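Asker: With the hints as extra help, turn the sequences into a complete structure.
There are 2 protein chains.
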Amino acid sequence: MTKVTAQLSVSLDGCYAGPRHDGTGDWMHSAESHGFFRVTRWVTAAMSWRERQGFAGGEHDVNSEIVAESFGAAGAYVMGRRMADGGEVPWGDEPPFRAPVFVVTHRPRPTLLRQGGTSFTYVTDGVAAAVAQAREAAGGKDVAVAGGGSLVRQVLRAGLLDEVELHVVPVVLGDGLRLFDPDLGLDDFEAIEMSPIRVVPTPEVTHIRYAVRGRAPLVLDDRGRGTGTPE
Amino acid sequence: MTKVTAQLSVSLDGCYAGPRHDGTGDWMHSAESHGFFRVTRWVTAAMSWRERQGFAGGEHDVNSEIVAESFGAAGAYVMGRRMADGGEVPWGDEPPFRAPVFVVTHRPRPTLLRQGGTSFTYVTDGVAAAVAQAREAAGGKDVAVAGGGSLVRQVLRAGLLDEVELHVVPVVLGDGLRLFDPDLGLDDFEAIEMSPIRVVPTPEVTHIRYAVRGRAPLVLDDRGRGTGTPE
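Protein sequences appear in the order of chains A and B. As numbered in this note's numbering, residues 1 to 231 make up the first sequence, in order. As numbered in this note's numbering, residues 1 to 231 make up the second sequence, in order.
Calculated directly from the structure, the hints in this document are not laboratory data. Note that the coordinates shown come from a computational prediction; the quantities given were computed from them, not determined experimentally. Take the hints with a grain of salt, since some may be wrong.
Negatives, chain A to chain B, calculated, CB over 10 Å [claimed, not checked]:
1) P110
2) A158
3) G159
Simulated restraints, written as ranges between beta carbons of each label pair [as the list claims (entries may be wrong)]:
4) A/G117 to B/T24: 54 to 62 Å
5) A/R20 to B/V219: 41 to 49 Å
6) B/G185 to A/H29: 19 to 27 Å
7) A/A73 to B/A128: 44 to 52 Å
8) A/G23 to B/E69: 29 to 37 Å
9) B/D221 to A/W91: 17 to 25 Å
10) A/F189 to B/D187: 30 to 38 Å
Where a beta carbon is used, it is the ideal one built from N, C-alpha and C, also for glycine.
Answerer: Structure below.
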């Protein structure tokens, strides 16, 4: 059955990039990019990523297999417009997705067809519509929310996310774009409960996959301790 | 050799408690307490904790062993004043520390001697002084920074923390007191690097122990990717 999944590389303080680039100067010289590249360094080094992109070298290792598994599981993708635009040049003629990508945006754009099976369809009627279109296109495989972090948060907030895998990198950035932030719209006595379903330790990064259980109240139990676990 | 260690239960979004209680009304009814009890629920349930506190029941399990290991490794503790004051009544006549506790504070107070080996010494000349006194008292065992999160952050910021274990609970609180926040004083192109040295998965909580490597610059390597690993 098709699951809606996401995976994101984050620092120990939950940032998927440095503080947001304000547009002045080159993004490559920004704190945002430096944080982003630090937390995605393990991916860059992974051989599967390199094979897809046509690079030589790298090693077959756990991290490479995790990247490969991530691409292999997805039948379609949902992506934010900022990420799609930012990746257009770097991904070139044969982007690594090899499946339909549904871009969530307010600004229409004609569908782009790339080599190797990747296409970009610009969906202007919201996150849920993009997820629904991706489900149809996924052919029974999963819908992967490719990013950015802001879109993953929107899908989670909408209650549409089934699983999320965090690639927790052992670095503290201090500040940056956070996956989980007040935009989630949780009130003070409300939380989102998850269950860890797989943990893969490596020296560079700890991979933790969670099933999203859903929103639940934060209540004290009869010992005066917190429960909050949804039934 | 004595290590300075810390361990903290945190939500997926890095919070060790809900948003700070402003002092009006009972702390037990605050969002801060509800978040705190949710992320420490695994501890409450662990039998070692219960044995120390004199409760009956609970199970011997991985989480109980981890709590017991944590207490067993420490020869002395460093603690923040707010935590020490807040725990005074709940911990009663025989607090679970069974070792000297050095409380970091601006306000002097005479040393308190409790039953079972716990003592509270109020250190007014700063975090480094408290850590130094704890080292002397630790008898070759570790110095454990018991908390709160604010003190752990200060010890980390001062470069005095050797290891930190995060008990990552699979819940998103949305907002709260964060262990890693801008008080760390990291600039935009600077990070704190760590290495994961042990990962213990359980259904309720993922335990990840890190060795603190230290501050390092965030730089792009010659592939345009982030390195930042200190030599």
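Asker: Indicate, hint by hint, whether the structure satisfies it.
Answerer: Hints and how they fare:
1. P110: holds, 31 Å
2. A158: It holds; A/A158 is separated from chain B by about 14 Å at its closest Cβ, greater than 10 Å.
3. G159: holds, 13 Å
4. A/G117 to B/T24: 54 to 62 Å: The hint (54 to 62 Å, Cβ to Cβ) holds, given that A/G117 and B/T24 are roughly 59 Å apart.
5. A/R20 to B/V219: 41 to 49 Å: With Cβ atoms ~20 Å apart, the hint is violated.
6. B/G185 to A/H29: 19 to 27 Å: This hint holds: roughly 22 Å between Cβ atoms.
7. A/A73 to B/A128: 44 to 52 Å: Holds, at about 50 Å.
8. A/G23 to B/E69: 29 to 37 Å: Violated: the Cβ-Cβ distance is about 49 Å, outside 29 to 37 Å.
9. B/D221 to A/W91: 17 to 25 Å: holds, 21 Å
10. A/F189 to B/D187: 30 to 38 Å: With Cβ atoms ~36 Å apart, the hint holds.
The structure fails hints 5, 8 (numbered hints given earlier, in ascending order).
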